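S.K.: Residues per chain are reported as follows:
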Amino acid sequence: MKIIELSVVVIYLIALIILGRVTQKRISQSQAGVEEYYVAGRNVGTGVNSLAMMAALGSGGSFMAGTGTAFNLGLPFLAWMTVGSIVGFSVASVLVAKPLRNSRKFTVSEFLNDRYGHIFFKVAIPIVIIIGSAMYLMSQMTAGGLIASYVTGLSYQWGLLIITVVFILYVSMGGMLAVTWTNILQGIMMVALISIITLGGIFHFPIRWSEFFANTFAEQPMLGAVGGTMPITAYLGAFVTWAAAICVTPHLIMRIFTSSNARSAKLSMNISMLMYGSLMLASTFVLVPFVPLLDSSLLEATHSDMWLLLIVEQFFPAILVGVITAGIMAAVMSTTDALLLAVSSAFAYDLYKGVYKPKATHQQILRASAIFTWVIGITVMFITLHPPPFLVVLYTAAVGFMVAALFAPLVFGIWWRQANSAGAITGLSVGAVSFMVAFLGFELPYNSEILIALPLSIISMMIVSVWTQGPSQNMLDRMDHYHQDI
Amino acid sequence: MTNKGKKWYKIRPRDGIFLLGIFFYVIVFFLPWSYDVMILNVSLVAWGAYLLHVLVPAVGILLIISEKDISSRKPEHMEAGISKDK
Chain A
11 MKIIELSVVV IYLIALIILG RVTQKRISQS QAGVEEYYVA GRNVGTGVNS
61 LAMMAALGSG GSFMAGTGTA FNLGLPFLAW MTVGSIVGFS VASVLVAKPL
111 RNSRKFTVSE FLNDRYGHIF FKVAIPIVII IGSAMYLMSQ MTAGGLIASY
161 VTGLSYQWGL LIITVVFILY VSMGGMLAVT WTNILQGIMM VALISIITLG
211 GIFHFPIRWS EFFANTFAEQ PMLGAVGGTM PITAYLGAFV TWAAAICVTP
261 HLIMRIFTSS NARSAKLSMN ISMLMYGSLM LASTFVLVPF VPLLDSSLLE
311 ATHSDMWLLL IVEQFFPAIL VGVITAGIMA AVMSTTDALL LAVSSAFAYD
361 LYKGVYKPKA THQQILRASA IFTWVIGITV MFITLHPPPF LVVLYTAAVG
411 FMVAALFAPL VFGIWWRQAN SAGAITGLSV GAVSFMVAFL GFELPYNSEI
461 LIALPLSIIS MMIVSVWTQG PSQNMLDRMD HYHQDI
Chain B
115 MTNKGKKWYK IRPRDGIFLL GIFFYVIVFF LPWSYDVMIL NVSLVAWGAY
165 LLHVLVPAVG ILLIISEKDI SSRKPEHMEA GISKDK
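As you go down the protein sequences, you meet chains A and B in turn. For the numbering used here, add 10 to where a residue sits in the first sequence, where the first one is 1. For the numbering used here, add 114 to where a residue sits in the second sequence, where the first one is 1.
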């Protein structure tokens with residue numbers, strides 16, 4: 011057991027639970043309880059939201075696993091996968107930020123229900139979100155379990171249990187307000203620590219960087235080559251998946267609803283990605299060359315997602331490694347808690363209040379949210395206790411599935427006046443089904459299912475919308491209002 | 115941007131150019147000419163993506179900031195509530 015590292019991490023976890031308790035008190039005292047719980051009172055400023063957005067995106071898969079993934083899967087693949095989400099935020103800031111924020115809704119489901127007004131969406135969208143986000147959640151919980159196991163010396167299963175209980179506690183108590191506050195803390199830690207790690211790497215270069223970087227290719231000749239580790243179709247698929255995903259992924263897009271206004275939402279989306287892109291660039295080029303210096307037997311014995319920590323152990327004393335471990339844990343938890351909230355919102359707000367009990371009081375919704383958070387968190391944890399070996403494939407597939415189903419109904423619903431419920435039902439169904447058929451039924455290159463499913467969804471939605479009756483004037487007037495500068 | 119009666123809502127021209135710019139940039143770097151151009155043993159395909167890491171958000175921020183500049187430079191006749199159209 012790493013006592014110093016463990017102490018730092020325990021202090022950090024206790025701080026998160028206290029934060030959850032404080033926000034719970036604030037919500038219970040607030041007049042706008044549900045608004046505080048789901049959208050943090052809609053008054054999160056630009057700087058704070060930028061940090062929270064970066065924290066929600068920067069996860070175990072990027073900051074923690076980036077070094078090992080780049081070394082194993084090659085720089086071109088990771089570069090396009092990473093830049094997909096960076097471009098995705100900028101695209102979303104143009105395509106969806108203003109109308110979503112102006113709509114004053116709580117969730118993407120609520121916005122789509124309002125746009126199309128059909129019972130199909132009340133059930134289908136939460137189901138798509140629950141399936142997609144739960145698979146995404148599994149991959150993040152696995153990363154959380156791995157890192158908790160690294161710190162405590164306990165088994166992966168015990169690590170997973172500890173980490174799950176902590177974030178269920180603060181999400182169920184404080185909702186979006188707790189997630190926002192903790193994401194700010196986590197965002198600050200991520201910026202500071204990735205900067206410290208990168209600087210540590212720079213100060214420990216054994217030779218000039220250009221030579222050091224060139225030496226990496228002796229160990230991994232395919233590191234910079236195109237098609238060395240996977241076909242270029244996979245690069246394009248990963249890029250398209252993430253570039254479109256930000257518009258529809260609930261745990262990221264819900265940050266738009268928390269912004270104080272549409273301009274602030276757009277600005278924070280781009281600022282967060284400038285920070286994220288800079289950190290990913292710096293950490294990749296500084297840290298990847300250190301991988302060949304590690305003992306090959308140690309690399310084989312350690313999950314590649316954890317190689318970053320093996321490098322860090324060479325630079326810093328134990329106490330700083332503890333702080334860095336807490337920071338990396340923050341990266342994992344900041345995505346996990348936002349995802350957990352997105353799934354529990356889909357259950358409590360969209361299904362419970364939207365379908366089962368439309369007249370539910372604020373207190374009943376908040377209670378249902380807390381219960382669903384526990385049920386979902388524990389259920390996903392049990393599935394993740396024995397994670398399937400194809401988890402990385404599942405994780406990207408989860409995002410791809412949500413994009414294939416929701417992108418056309420949401421983006422075309424915002425920009426195309428002719429888009430109607432029949433077209434959106436078709437687009438959603440065709441996108442979801444064709445993605446699943448391509449993913450499960452065919453041996454396609456990694457990530458490339460989206461290149462088939464997304465065009466099919468868009469085309470089918472447009473054809474059906476053109477051939478059926480357009481939306482009501484009342485609804486179009488509301489959309490006109492959402493497009494105005496408010 | 116209401117444009118009532120039109121089938122599509124109008125996107126701001128600068129935003130439209132921004133999206134098209136990203137689209138064509140990606141197309142250009144995914145064409146085969148860039149696969150074998152190597153800089154520091156790394157394909158130009160990857161360098162194209164790395165440049166985009168900072169280029170896209172930086173341009174996005176500039177567009178939004180200049181948007182405010184434009185709105186803050188309202189002509190006097192607008193601030194006085196006088197229509198320019200005669």
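Source of the hints: derived by calculation from the structure; they are not laboratory data. Quantities reported herein were computed from a predicted structural model and do not represent experimental measurements. In this text, a Cβ means the ideal position worked out from N, Cα and C, and glycines have one as well. Honestly, I wouldn't trust all of these hints.
The following label-pair restraints were derived from C-beta to C-beta distances [what the hints assert, rightly or not]:
{"#": "1", "chain 1": "B", "residue 1": "PHE138", "chain 2": "A", "residue 2": "GLY57", "range": "29 to 39 Å"}
{"#": "2", "chain 1": "B", "residue 1": "SER148", "chain 2": "A", "residue 2": "GLY127", "range": "30 to 40 Å"}
{"#": "3", "chain 1": "A", "residue 1": "GLU310", "chain 2": "B", "residue 2": "LEU176", "range": "41 to 51 Å"}
{"#": "4", "chain 1": "B", "residue 1": "LEU154", "chain 2": "A", "residue 2": "GLU453", "range": "27 to 37 Å"}
{"#": "5", "chain 1": "A", "residue 1": "ILE381", "chain 2": "B", "residue 2": "PRO127", "range": "26 to 36 Å"}
{"#": "6", "chain 1": "B", "residue 1": "PHE138", "chain 2": "A", "residue 2": "ALA202", "range": "46 to 56 Å"}
{"#": "7", "chain 1": "A", "residue 1": "ILE129", "chain 2": "B", "residue 2": "LEU154", "range": "55 to 65 Å"}
{"#": "8", "chain 1": "B", "residue 1": "LEU145", "chain 2": "A", "residue 2": "PRO231", "range": "42 to 52 Å"}
{"#": "9", "chain 1": "B", "residue 1": "PRO146", "chain 2": "A", "residue 2": "ASN225", "range": "22 to 32 Å"}
{"#": "10", "chain 1": "A", "residue 1": "ARG218", "chain 2": "B", "residue 2": "PHE138", "range": "46 to 56 Å"}
S.K.: Per the hint of 30 to 40 Å, is the separation of the Cβ atoms of B:SER148 and A:GLY127 within bounds?
M.R.: violated, 47 Å
S.K.: Taking 46 to 56 Å as the hint, is the beta-carbon distance of B:PHE138 and A:ALA202 inside that range?
M.R.: violated, 37 Å
S.K.: Measuring from beta carbon to beta carbon, are B:PHE138 and A:GLY57 in 29 to 39 Å?
M.R.: holds, 32 Å
S.K.: Verify the CB-CB distance for A:ILE381 and B:PRO127 against the hinted window 26 to 36 Å.
M.R.: Taking Cβ atoms as reference, A:ILE381 and B:PRO127 lie about 49 Å apart, which means the hint is violated.
S.K.: Starting from the hint 46 to 56 Å, judge whether the C-beta atoms of A:ARG218 and B:PHE138 obey it.
M.R.: At roughly 37 Å between Cβ atoms, B:PHE138 and A:ARG218 fall outside 46 to 56 Å, so the hint is violated.
S.K.: Do the Cβ positions of B:LEU154 and A:GLU453 conform to the proposed distance bound of 27 to 37 Å?
M.R.: With Cβ atoms ~35 Å apart, the hint holds.
S.K.: Cβ-Cβ distance between B:PRO146 and A:ASN225: within 22 to 32 Å?
M.R.: Given range 22 to 32 Å: holds, Cβ gap about 29 Å.
S.K.: Could one say that the CB atoms of B:LEU145 and A:PRO231 fall in the range 42 to 52 Å?
M.R.: violated, 24 Å
S.K.: Is 55 to 65 Å a correct range for the gap between the Cβ atoms of A:ILE129 and B:LEU154?
M.R.: holds, 57 Å
S.K.: Go ahead and decide if the range 41 to 51 Å is satisfied by the Cβ distance of A:GLU310 to B:LEU176.
M.R.: At 47 Å between Cβs, range holds.
Consistency note: the structure conflicts with the earlier hints numbered 2, 5, 6, 8 and 10.
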